[in-house]
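*Asks:* Protein sequence lines, in the order shown, are assigned to chains A and B. Residue numbering for the first sequence follows my numbering, beginning at 1 and increasing consecutively. Residue numbering for the second sequence follows my numbering, beginning at 1 and increasing consecutively.
Derived by calculation from the structure, the hints in this document are not laboratory data. Possibly wrong hints are sitting among the right ones.
Now the stretches of chain A that chain B is said to cover, found in silico as 3 or more residues with beta-carbon under 8 Å [unchecked claim]:
1) 113-122
2) 254-260
3) 316-327
Here's a subset of chain A near chain B, in silico, CB distances under 7 Å, partners left out [as the list claims (entries may be wrong)]:
4) I6
5) P13
6) M14
7) K46
8) T125
Built from N, CA and C at the ideal position, the CB exists for glycine as well.
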Amino acid sequence: MAEMWINMGPQHPMTHGLWNLRVKIDGETIVAAEPEVGYLHRGIEKICEARTYPQIIPIADRLCYGSSLTWSHLYCLTIEDLMDVEVPERAEYIRVMAIEMQRIASHLMWLAAYAGDLGLAVGFTYTMRDREVLVDLLQALTGSRLTYNYPRIGGVAHDLPPDFERDTIRAVQYMEMRLKEYEDLFDGSKIFMMRNVGIGILRKEDGINLGVTGPSLRASGVDYDLRKDMPYSVYPEMDFEVATHEDGDCYARYRVRMDEMWESCRIIRQALQKMPKGRWRIVAPRNAPAGTGLGRVEDPRGEAVMYAVGDGTDRPYRLKIRSPIFVTVSAAPKILVGYKLADVVAIMGGLDMCIGENDR
Amino acid sequence: MNLFEFCHGIIHWLVDLVNNLWYWLGDFLPWYFGDLFTAIGDFAASEGHLLFMTVLVESVVIIVVALINVLNFLWIFRKLSGRILDFYGPYYVGYRIGGWLQNLADGVKLFTKEIITPTKADRLGFLLAPVIFVGSSVTILAVIPLSANFGLSTTSEPGEYVSAGALFALAAFSIAPFAILLAGWSSNNKYTLIGGMRSAAQMMSYEIPLLLAAASVFLLAGSFNFVDIVDAQHDMWFFIPLFIGFVVFLICLIAEVEIIPFDLPEAEAELVEGWTTEYGGMRFGLFYMTTAVRSYAGGALATAFFLGGWQGPWFVPDEIWFLIKAYIVYTVFMWLTWSVPRVRIDQMLVFGWRRLLPLAVLNLLIAAALKSGGWL
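Take these sequences, add in the hints, and give me the full structure.
*Replies:* See the structure below:
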């Protein structure tokens, strides 16, 4: 049969965001694929050079609509490294708790989009409904629902609101109940397993060579999680496991994210228990010294890195952002070739695309 | 009284009424006009013309009944999806009747939209595809009687319907893939092309188990007539002895009406809207409506073949029994639709050829054994 190129994007239900995946199909089988990104380029790195350090926090939020808190957290980590600011311990615990909530919310949004891609309508609505619980918690904590603008250089913006511990414990209990239900809903569905097991296999060596990080790499059997391997904030105090899976297929990626949500629930509980009293913010200097700062965190999508260069003024000389999903999407052709057209949605959905951080 | 007698009576009364006036008018006219008027009046009162008009009125009644049911089906589709998927579903338009008018509102909206034909489309095929699709689907409804007294008939004998009605319904059911392939090809779009090809493959592989399952019913009933088939289920509904066939038939129906898990021709995640991508406005509305028509036809076929048709306790009219059963079948379809993911095309074909076909053959063997053993 004749081969032909098909554009899946920029306006296509498969692309969660504005990007284009060109696939060359022979009948229904994919013989080549090439992602085209850059439609959503906003020049955030350049914008940051014209803003003072606190003004960049809300911009860092805009990097990813799915997990904005991790990006502003990462930015604050970077600038604290640049300015040598010591963050109060209570603020560190609040941050860890908040970004683990954000991780669950992000993974739930991924699960919703994934279920919707596979045609499982009930998976979409239920997960989006339960994401609301975490978004409500974050709203109570930060005041907004999508772009939080919560971390500050040297702490966080506010202390916990009243009754927050109680609400969080309830929400975590609810989430654990729901996660059990999702595992029944997804793993118990034979068609879901048919669509996922053995599809889109990313081998361990390929994953490492292509620079894939995050759940997609851990699903290939590489035990690499910055929260353990290069601990930041108060993660060394926390007791949690790194979720890995051996198979490297779509099901493994799904499984790793589900397990991460369980671990995040554990981390939130521990953070609440161990949270000390005290200050939650110190005043950071206005100007950064000449020098560099580096921040690396485990984003829900992989290893996110920011590198800031200060020149003694109140604005960064340069801010470099390393997006995990930009690297992952470059690995897509390697994963896609050989599978069917319908597997594109399973594979690309399983990588958890987020175009905001990808195009920056 | 059955539908034929009812319509015949109405037509007879109307013709008599008009003819009185007509002959009276003719009396005033000169002889040659008077003769012409008398001849036209006699023609109008002739048995052939009355029969023709009766069948016309009958078919209008049946179509209207069917389309009202289709509106109900669309409403169930939306409302039940809301109940299953944890949202409200339509409730604003027609607030007091549960948002039932929403589909009419959508229809009005679709009518106001521009009808676009792509520049590079094959215009004839593009135009013809919705006609064939809608026409063939509505034709199915013509031969499905709601009870022994409610169906398209040309005689006043109850149960004297199209003698091979079931065969006709199944034949009309399987014209649609041709229209889908035509739509997919003539739209000149890669998504629609793949959707049309998938549809052809899918319908071809699921038509055979469907017909084999139906064949077992014909074997047991010994007839292609709907009334005979339903009468044959007087002692035992066929889904009990032919349970395998019933399941195979339902699965094939899901594939035929193209709903999740088998909605591959319009798999929205990878093919945008599949073969309907280029159709907009009321053409899309017709496709949408026709999907419900086919669901209704599928539910009615399953009811007539396996669920005892209009048989049920006396306190509910026969027609209502038939509709209740068809609605239950459709509700089960919807329940399935919202709770499973979509399968892949190769998995689907494997399932059709390697699982359903042997099961259908096994079911046919069971039916043959039952019939030859004289147990049914």
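*Asks:* Against each hint, give a clear statement of whether it holds in the structure.
*Replies:* Against the structure, the hints:
1. 113-122: With 8 residues closer than 8 Å to chain B, the stretch 113-122 of chain A meets the three-residue bar; holds.
2. 254-260: violated (count 0)
3. 316-327: Contact hint for the stretch 316-327 of chain A vs chain B: violated, 0 residues under 8 Å.
4. I6: Status holds, d = 5 Å.
5. P13: This hint holds: P13(A) lies near chain B, its Cβ roughly 5 Å from the closest one there, short of 7 Å.
6. M14: holds, 6 Å
7. K46: violated, 35 Å
8. T125: Holds, about 4 Å.
Of the hints listed earlier, those the structure fails to meet are numbers 2, 3, 7, in rising order.
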